[in-house]
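Based on these hints, arrange chain B on the given structure of chain A.
Those protein sequence lines, which keep their order, are chains A and B. Read left to right, the first sequence gives residues 1 to 112 (this note's numbering). Read left to right, the second sequence gives residues 1001 to 1113 (this note's numbering).
These aren't lab readings, by the way, just hints derived from the structure by calculation. Glycine is no exception: its CB is placed at the ideal position from the N, C-alpha and C atoms. Careful, some of the hints might be misleading.
[As the list claims (entries may be wrong)] Computed footprint of chain A on chain B; a stretch qualifies when at least three of its residues, placed anywhere within it, have a C-beta under 8 Å from a C-beta of chain A:
(1) 1035 to 1044
(2) 1048 to 1059
(3) 1104 to 1110
[As the list claims (entries may be wrong)] What follows is a list of derived Cβ distance ranges for each label pair:
(4) A70/A with E1096/B: 28 to 38 Å
(5) E1096/B with G1/A: 34 to 44 Å
(6) G1028/B with Q104/A: 50 to 60 Å
[To be verified] Far from chain A, some chain B residues (derived; all Cβ distances over 10 Å):
(7) P1008
(8) G1014
(9) M1015
(10) E1024
(11) S1062
(12) C1068
(13) P1069
(14) N1070
(15) S1072
(16) L1073
(17) A1080
(18) S1086
(19) S1094
(20) N1100
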Amino acid sequence: GENVEQHPSTLSVQEGDSAVIKCTYSDSASNYFPWYKQELGKRPQLIIDIRSNVGEKKDQRIAVTLNKTAKHFSLHITETQPEDSAVYFCAATVQGAQKLVFGQGTRLTINP
Amino acid sequence: DTEVTQTPKHLVMGMTNKKSLKCEQHMGHRAMYWYKQKAKKPPELMFVYSYEKLSINESVPSRFSPECPNSSLLNLHLHALQPEDSALYLCASSQESQSNEQFFGPGTRLTVL
Chain A
1 GENVEQHPST
11 LSVQEGDSAV
21 IKCTYSDSAS
31 NYFPWYKQEL
41 GKRPQLIIDI
51 RSNVGEKKDQ
61 RIAVTLNKTA
71 KHFSLHITET
81 QPEDSAVYFC
91 AATVQGAQKL
101 VFGQGTRLTI
111 NP
Chain B
1001 DTEVTQTPKH
1011 LVMGMTNKKS
1021 LKCEQHMGHR
1031 AMYWYKQKAK
1041 KPPELMFVYS
1051 YEKLSINESV
1061 PSRFSPECPN
1071 SSLLNLHLHA
1081 LQPEDSALYL
1091 CASSQESQSN
1101 EQFFGPGTRL
1111 TVL
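The shape of chain A in the complex, shown without the other chains (with noise of 0.2 Å):
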C-alpha cells in the first residue's frame, strides 16, 4: 500500500521568510495530493492540493510542486505570517479511491 514520509517534523522560520515541506510518496499510483493546514484545536482544513497531470499549482503565497518521477511533492509558503503557524499534514491518494494516506505533520512556527 501507499506510505508517504513527511519531513521535516518541526520547522520553525521568521515572519516573512519562505517555507518548504516535503513529502515522498511510493504508489507510483497515486495522483491526487492535498496539503492540509491545522491550527491548534481545529479541525484539518484544505489550503491547496494538486493532480498528476500539472507539476505546480499556486494559491496566493503557498504553492505545491510535484515531481512524479521522483515521486515527492513539497509545499511552499512565502512572505510567511504569524497565522500560518500550525501543523501541517500532507497526503497521497489514487484519485477516487476514498483513503487518504497521510504524512506524519509537520509543525510550522513562524518567529516575529
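The following block gives chain B in isolation, referenced to the frame of chain A:
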C-alpha cells in the same frame, strides 16, 4: 451550508457507558468518513460510507459502531471503550466519484475514564 458539523464538542465517558457521536453535512456529499486523531499524529481512517453503505472498515474494534441513517448524517456509536480510545474524532465528507477533496468537521474530543 458549506460545513461539516459535529456534536458534541467534548465528551467524557466511563468504560461501561454507551454514547454516540454525530456528524452532519448539507453539501450533497455522498461519501462520509470517521477518523481518529491522537495528539501530534495525523488523522487515522476508521470507516468510510459511500452512498449510505459502509465501504471501508479499517479493522476497527467492534466497540466502535458506525451508522449512516441518511446521506446527510453519520453517527459513531461507542460502547465499552478503553482509556486508549481517548482522542479527537473527526468526521469528513466528500463528493463521490472523481473528487477526493475531503472536508473535515471540528471534531469531538473524547476522554474515556
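Status of the hints after comparison with the structure:
no.: 1; hint: 1035 to 1044; in the structure: holds (count 4)
no.: 2; hint: 1048 to 1059; in the structure: holds (count 4)
no.: 3; hint: 1104 to 1110; in the structure: holds (count 4)
no.: 4; hint: A70/A with E1096/B: 28 to 38 Å; in the structure: 32 Å, holds
no.: 5; hint: E1096/B with G1/A: 34 to 44 Å; in the structure: 22 Å, violated
no.: 6; hint: G1028/B with Q104/A: 50 to 60 Å; in the structure: 33 Å, violated
no.: 7; hint: P1008; in the structure: 15 Å, holds
no.: 8; hint: G1014; in the structure: 24 Å, holds
no.: 9; hint: M1015; in the structure: 26 Å, holds
no.: 10; hint: E1024; in the structure: 14 Å, holds
no.: 11; hint: S1062; in the structure: 21 Å, holds
no.: 12; hint: C1068; in the structure: 14 Å, holds
no.: 13; hint: P1069; in the structure: 20 Å, holds
no.: 14; hint: N1070; in the structure: 19 Å, holds
no.: 15; hint: S1072; in the structure: 18 Å, holds
no.: 16; hint: L1073; in the structure: 18 Å, holds
no.: 17; hint: A1080; in the structure: 27 Å, holds
no.: 18; hint: S1086; in the structure: 15 Å, holds
no.: 19; hint: S1094; in the structure: 8 Å, violated
no.: 20; hint: N1100; in the structure: 5 Å, violated
Checked against the numbered hints listed earlier, the structure breaks hints 5, 6, 19 and 20; every other hint is satisfied.
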